[in-house]
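Can you build the whole structure from these sequences, using the hints too?
2 protein chains.
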Amino acid sequence: MFKKIKSILIGKAIKSTESEHQKFSVIWGLPILSSDAISSVSYASEEILMVLVPVIGMASYKPMMAIAAAIVCLLVILVFSYRQTIDCYPQGGGSYRVASENIGRIPGLVAAASLSTDYVLTVAVSTCAGTAAITSAFPELLPYRVGITLFLILVLTLGNLRGIRESSILFGVPTYLFVFSILAMIVTGIVRVLVLGQVPQNVPVPQQSIQDISVFLILRAFASGCTALTGVEAISDGVPNFKAPSQKNAKRVLVMLASLVFVIFIGVCYLASMYHVTPKSDITVVAQIATGVFGRDSMMFYLVQATTALILVMAANTAFADLPLLLSLLAKDGFVARSFATRGTRLSFSNGIMLLFILSSTLVIVFKADQHHLLPLYAVGVFLSFTLSQTGMFRRWITRKEGKWRHKAVINGCGAIVSAITCIVLSVTKFLLGAWVVLICIPALICLMLVIRRHYDKVRDNLVIEKSGNELIHKVPTENCIILPIQSVNKSFVKALNYAMTLGGKIEIYHVSTDQAATEKLINQYRQLKVDFPLVIEEAPYRNVNEMLIAHVDARLARLEPHQMLTVVLPQFIIPKSWHYLLHNQTSLRLKSALLKRRDVAVISVPYIINE
Amino acid sequence: MFKKIKSILIGKAIKSTESEHQKFSVIWGLPILSSDAISSVSYASEEILMVLVPVIGMASYKPMMAIAAAIVCLLVILVFSYRQTIDCYPQGGGSYRVASENIGRIPGLVAAASLSTDYVLTVAVSTCAGTAAITSAFPELLPYRVGITLFLILVLTLGNLRGIRESSILFGVPTYLFVFSILAMIVTGIVRVLVLGQVPQNVPVPQQSIQDISVFLILRAFASGCTALTGVEAISDGVPNFKAPSQKNAKRVLVMLASLVFVIFIGVCYLASMYHVTPKSDITVVAQIATGVFGRDSMMFYLVQATTALILVMAANTAFADLPLLLSLLAKDGFVARSFATRGTRLSFSNGIMLLFILSSTLVIVFKADQHHLLPLYAVGVFLSFTLSQTGMFRRWITRKEGKWRHKAVINGCGAIVSAITCIVLSVTKFLLGAWVVLICIPALICLMLVIRRHYDKVRDNLVIEKSGNELIHKVPTENCIILPIQSVNKSFVKALNYAMTLGGKIEIYHVSTDQAATEKLINQYRQLKVDFPLVIEEAPYRNVNEMLIAHVDARLARLEPHQMLTVVLPQFIIPKSWHYLLHNQTSLRLKSALLKRRDVAVISVPYIINE
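Heads up: the protein sequence lines correspond to chains A and B, in order. With numbering that gives the first Met the number 0 as the guide, the letters of the first sequence map in order to residues 0 to 611. With numbering that gives the first Met the number 0 as the guide, the letters of the second sequence map in order to residues 0 to 611.
None of these hints come from the bench; they were simulated from the model. Owing to the predicted nature of the structure, the values given are computational and were not obtained by experimental measurement. Even for Gly, the Cβ is constructed at its ideal location relative to N, Cα and C. Fair warning: there could be bad hints in the mix.
[To be verified] Only pairs whose alpha carbons sit at most 35 Å apart, straight line, appear in this in silico DSBU-like list of lysine-lysine:
(1) B:Lys474 x A:Lys520
(2) A:Lys466 x B:Lys591
(3) B:Lys11 x A:Lys520
(4) A:Lys529 x B:Lys505
(5) B:Lys331 x A:Lys576
[Stated by the list, open to error] Stretch by stretch, here's where chain B covers chain A in the computed footprint (C-beta under 8 Å, at least three residues):
(6) 78 to 88
(7) 522 to 536
(8) 573 to 583
Structure (structure tokens):
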């Protein structure tokens, strides 16, 4: 039943040998690996305005352009830094790998923890923003935004459990459509404003605020805009997915990605200031610009909204591809549960996908699908992992001293310093808005990973065979001591007895008496079996049958020879309908788990199947 | 930890031999067995008024007296009927026993089902009414009535799990105190009204309604008042608890009980009409009368309230004593889960007590501790069991024809007919108010009991040994076929192998390969053990290790000789901290339960304990 539903939802099992991976050319690698970075532009300018407008009103647009310029500078530095990472890591240079290889285990785990929280937030933020794009076009859907967002996450989960191949057309076309429509919007807007001189109509001009612009305000706006840079590291992670020459292609795509982010981000910010757009709760900034440029009912308006929603969903999908992969790396290193390294029936890392589904859905429900509440939590982790990755590269250069290492160390050092500063700015300005949650989560995750690793180490130490395995094999098998508990003489008991007789050991039948009459009946029935194994009877004045049996087992264990084991044979009857188990004492289950905690007790269940 | 809490809450275990039962004299038997019946009087007059006053206002008091007289007549008939039951059942004549012995299995189950629902309702109704008595005295406690009621139920549950002996003083004194204070109230009231001619003061006189009094209204008021008769059967259930001559004493107590109910019920109804008491949501009728007679701040007012609350809690306690006993009878007959017949550490039927706790608490929470909503559900079951018990007695007389059987059959026949008529009146007039719930619950319970009995019968048929048991014992033990699955060569596996070697059978090591490299490493390590058992390796292209193993077991099963069994030895490592199990695959658990469903597979768990 469960299997059938599963196979309908996610498809039939795939053989391990059918695993394959498509390689990207530059033309498809760009859209597929950069959806996260490009899509984040759609909410970055809105975030800046949300900080500025409530304080300084219509005076916001100039500082916004300055902040956008600063963010673009940051982008340029990151691009140069990551080009060097691509050069050094042809097998893919994720922050976890770069940091742990070059700095150490703990920085690696910090990167892993911050990346993990970020992937979860990427899914939540992107799907919420996607829903916002949809509800901006269709305001009547606004009351259902939590449901719509959860539906999007569910579709992504099922798709990834099914194991969506990174199909060029499915994943590349939406990004190009978005780039096309947003560029069309920017060009049309600029032409209308600058060339045709059309003053935007129907734009409400709120009252100008006269407060001073504080440094903290600017920093906070800058921090909010930094969400535009999330997803930049995806290309250096994905180097091996490029067609040869893979590193060269990856670097090309990185530069193209940066150029696109540059043009779109600056363009959107510029149009926002031209059209005096202010952030509203029911319509996004991009949708307001599109309304201003194309008009509310034009096809282009709907195209911009549709492609924005699509690319945001694609961005969430990259997290669905990357977090399970990261978790599988961590699982192989023993930092998270091993089950995250197991591939499901469809070869996807299904446990990681399910975990991401649960966590991101919870966030969406808790934050009522409002990405503005989620974004303060978002970028801290990204910049923390940037910092660690760049610091790792810096240490690599100054330790290995290969080639033009001084020059390269300066570039990565620069990257590390700017990322670190940004990270601090983000933490401080957004601390009270929610960044504190992340700053608690990351250390907690690291502790958890270390505890898990310690556990796996202990288990391995316990299990590993140091000396030649042959010495551990007992040359002379010891005699078996068998205890067969009995409650009444019935077919199930007789079956267990017949089985115990095949084991060739000393059998003892053991009964705990709670009722004189029943015990006498039992003795009589046992005599009729005409077998000559001793029947040991103990009285349980407190009716604690299991405890008596366990005490008896413990007493026998004390008298065992070295290497000898005690065998407890438990007759167990099996009932077809599982609710019927409510009608029977589950004492044998509790008994079993108690017995298994004893080092030298083997427990045998002999099933007796009840026909109905 | 859990054990410690348990022993603090309910005390240390008691030996089976320490079971004892106190016998009652008339003087203590009366209060102990009649708290249910006497206490119900405290809300019966209120229920009658609640039906009449909203329709006919101040004209209610005359019909109320007539209805009270009718209910008292019903009581007299029941007393005569139950005297005969006491004569015939010196070992206690509960409805379940009388109906099943004399009419048949299904009527017995109907009686059992209706009694069970009634016991649950008794607890809920009595504790709610007890809380109402408390909040009438202290109106500031009104908002906490659900909490107070649940607390009362919890105290009763813990007390009964502890195994309260039916201590004369603890249980008898509150009843006598109640009887004393309520009689004092009635006498004082009558003296003040009739002798001293004091007209009650401060009594609001609502507008007189002029509507006609319909027959249906009178019947509905009658039905509401019938709750006064609940608990009358308790004495015939408890005959063996009386000192010799037990039947004579029981009959005496029955008559005394009836007289008390008669006096108190008529007295309360009379005073209610004299003081023009109308039902209110925040103060009970008894409390209003007590206010009128003694004044709001007198000590007697508080005494009446306190003793009313106490006797109502005692009444709930009788259900805590009787339902677990009924369930244990049903369990012995196989109509409910056998665990209800097991005595807990303190010799009480702890499972029945826990069930009663859960059900009555749920009712209290659902109905927000308002007994007026619960009472319509209440009396139907009582009168159904009266009817069946009396019909049983009637059939007993006309079948056995012993002594003055004609005379006695007429009395029990009368009792049966009146009970049946009352039961029908109750069902019809209160159907929409909630009686329909009971009329669905009772058949559902009966079906459930029959299904359970059928299951137990099937299990017994499967297990019982018909022929001489000796024939079932295999004279020549067959050879053991042992399969030992392996994932990697480690100490846990070696331990399981050493153990398997003691079993003296043909051992096969079985490995499912999902990873070529890992399998080759395994083969090498296995060679180093230098044992010569065959290592069977199967490829799992779909990574479904468990399914492959089960298929292999099934293939081997098909080739077994008759009576031969297959043994699967599972190395199982045991981790001290239970949350660490999250870090390990639980596949072996699922494997075990799948293997146990196969008729001829014995599963052996060999524990390997991991030290931390």
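Hint by hint, here is what the structure shows:
1. B:Lys474 x A:Lys520: 25 Å, holds
2. A:Lys466 x B:Lys591: 32 Å, holds
3. B:Lys11 x A:Lys520: 31 Å, holds
4. A:Lys529 x B:Lys505: This hinted pair holds, its Cα atoms lying about 29 Å apart.
5. B:Lys331 x A:Lys576: This hinted pair holds, its Cα atoms lying about 22 Å apart.
6. 78 to 88: As far as the segment 78 to 88 of chain A goes, the hint is violated, because 0 residues have Cβ atoms under 8 Å from chain B.
7. 522 to 536: Check passed, 5 qualifying residues.
8. 573 to 583: holds (count 6)
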